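Visitor: Residues per chain are reported as follows:
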Amino acid sequence: MSTAVAENVVTIPEAPIRTPRKRWTRFILPVFTIAMILYLAFPVIVMIVYSFNIIPNTGESERQTTEFHCCTVVHWQEIFKVPELNHALAVSLLVAFPAALLATGLGTFVGLVLGRYGFRGRGLTNFVIFLAIAVPEIVLGSSLLALFVQLGSSKPLGFYIPLGYWSIFVSHIAFSVAFVAITVRARVQGLDATLENAAQDLFASPRVTFFKVTLPLILPGIVAGFLLALVLSLDDFVITNFVNGSTNTFPTWVFGATRLGMPPQVNVWGTVLFLAGVLIAGLQILRARGVED
Amino acid sequence: MGQAPAEVQGHIPEGMELPPARKGERALARRRQTAAYLQLAPGGIYMLLGFVLPLIIIVYTSLSTSGLFSTGGKSVFSWEWSNYTTALSTYGDIYIRSILYAGIATTICIGLAYPMAYWIAFYGGRWKSTLFMLILVPFFVSFVIRTVQWNFILGTNGLLFGPLKSLGLVQQDFTVLRTPVAVIAGITYNFMPFAALPLYVSLERIDRRLVEAAKDLYASKAIAFRRVVVPLSFPGIFAAIILTFVPATGDYVNSVVLGGPRTTMIGQVIQDYFLSRHEYPVAAALSVILMAGMLVIALIYARVLGTEDSTLAAATA
Chain E
10 MSTAVAENVV TIPEAPIRTP RKRWTRFILP VFTIAMILYL AFPVIVMIVY
60 SFNIIPNTGE SERQTTEFHC CTVVHWQEIF KVPELNHALA VSLLVAFPAA
110 LLATGLGTFV GLVLGRYGFR GRGLTNFVIF LAIAVPEIVL GSSLLALFVQ
160 LGSSKPLGFY IPLGYWSIFV SHIAFSVAFV AITVRARVQG LDATLENAAQ
210 DLFASPRVTF FKVTLPLILP GIVAGFLLAL VLSLDDFVIT NFVNGSTNTF
260 PTWVFGATRL GMPPQVNVWG TVLFLAGVLI AGLQILRARG VED
Chain D
166 MGQAPAEVQG HIPEGMELPP ARKGERALAR RRQTAAYLQL APGGIYMLLG
216 FVLPLIIIVY TSLSTSGLFS TGGKSVFSWE WSNYTTALST YGDIYIRSIL
266 YAGIATTICI GLAYPMAYWI AFYGGRWKST LFMLILVPFF VSFVIRTVQW
316 NFILGTNGLL FGPLKSLGLV QQDFTVLRTP VAVIAGITYN FMPFAALPLY
366 VSLERIDRRL VEAAKDLYAS KAIAFRRVVV PLSFPGIFAA IILTFVPATG
416 DYVNSVVLGG PRTTMIGQVI QDYFLSRHEY PVAAALSVIL MAGMLVIALI
466 YARVLGTEDS TLAAATA
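Heads up: the sequence lines are chains E and D, in that order. Start counting the first sequence at 10; every next residue gets the next number (the numbering used here). Start counting the second sequence at 166; every next residue gets the next number (the numbering used here).
Here chain E stands alone, though its shape is the one from the complex:
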């Protein structure tokens, strides 16, 4: 049937086939994008390559040099050679993990509440979170310093937080909570409410509903929030530099070391942290793909 009909309509002139004009301009954007990717990666590549640089022995302690002599793994073997750097790294990790965990605990509930309840003060809470992200770091850092110094000088609460580990810890939680809350809130808002209703229809108590339905569904948001808090804490320089007193974290130590010249171990540790970040991000993406499939 259909072929017969088709044969009757042969007179239709052939439609002009739209062939994309093959001009050289079509290469502009892809080439530009690749160039941008290389530009953005350039300092990282330099960092990784120079972690294998042979540094001529001048008798003084090793500093990164411009001349590149390939190649040595000695800096990787002597990764713990600089005691101050080790100490700074230890402080960074000892701040980041507990601070991220606590911030996740506090922020998750804020995110949950904002995502699902209407309550008086909701707008205000959203505004405070917005502020926490919109205020420049330098302002927050200086404000936190003012708070700690004020607590120390007039002791209105009878106690004070000395500048050092604890002030860094408290500050890192302060700026991470908002980021965790937003990440969790986004997840909660994307949640299908009918799933919870279904659980309750099937006689699940609110507690069971929370642990068996809600929590597993928002868990990716909580994990993402935790990782975000961890990265923010490990990478923070500006706020830490205000409240650290004489305690150094990894970024503040590197910053101080630039004046004298950088030991090659900084490149090694930079590479290690970079690879750890890439690994975690990769796993997150794979897991997200797995969930979708």
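There could be a bad hint or two in this list.
Simulated pairs of lysine-lysine, BS3-like, Cα-Cα distance not exceeding 27 Å [said to hold, decoys possible]: (1) E/LYS31 x D/LYS386; (2) D/LYS293 x D/LYS386; (3) E/LYS31 x D/LYS330; (4) D/LYS380 x D/LYS293; (5) D/LYS380 x E/LYS31.
I should point out that these hints are in silico values taken from the structure, not numbers from a laboratory. What you are looking at is a predicted structure, and each value in this text was computed from that prediction instead of being measured.
Position chain D relative to chain E; hints supplied.
Guide: Here is chain D on its own, set in the frame of chain E:
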């Protein structure tokens, strides 16, 4: 945090029919409110103490008389507006310079990130997310280390100019370090993801059928881009401007590591006043002025996009 179970009791899914009379419903509504506040309390109180209180204290400090912290004495609040006039009259030009540098860097960031984000979002195909990850991956390296590497690359005989000089392409005494160019380049580099992310997200969200419809209606590729794609990506452009400009204005790592005495930005001055000079009231005033300026911008932004959308964009960045 382990307080979950008790507080979830009050949560009843929306739209669920409840048999009891109105009185019971009202009690339930009250329980829901209580549950909300109980869950909010720990994080909310922490944010009030760790974030809102410091901001109040810095405003308070900015209106106090000098000698406040350094002497260890009690704060002398005295509506000392002169801190502000001192700050503005002494460092007005540095505020302007910071805004200028941040403005130029923001413009370049968006100029570079937009075509890239556009190509990936529209023509990236199945490589879309991989390509975009490649853009973000370098930023897993600590901010300070990235900047230090640029210092190393741009150095007088560094990786970039060393070879050019030995080839005789660049004069021997040529240097970029310690000039505004280096600072702006550093800021541009470091804040690129803050521009690229919202741009990519907004471009990726655009319905391709709208572009096709424009072409069906005889719009050329260029016109379809200008009249359909660009307007639809405005929220992304706007978010990119704010997310880049605000932190860039307050930045001081780039101007310290890559700049010189003539490229001082306001962040450096604030840091210097707080940590070296210990002149807290003027330092606080400098900080409050910066905060006020940035808040005005952020509020315009929130007005346009709404706080929820805008904070989400910030979070993904």
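Visitor: All the hints need checking, so say for each whether the structure fits it.
Guide: How the hints compare with the structure:
no.: 1; hint: E/LYS31 x D/LYS386; in the structure: 14 Å, holds
no.: 2; hint: D/LYS293 x D/LYS386; in the structure: 21 Å, holds
no.: 3; hint: E/LYS31 x D/LYS330; in the structure: 40 Å, violated
no.: 4; hint: D/LYS380 x D/LYS293; in the structure: 23 Å, holds
no.: 5; hint: D/LYS380 x E/LYS31; in the structure: 18 Å, holds
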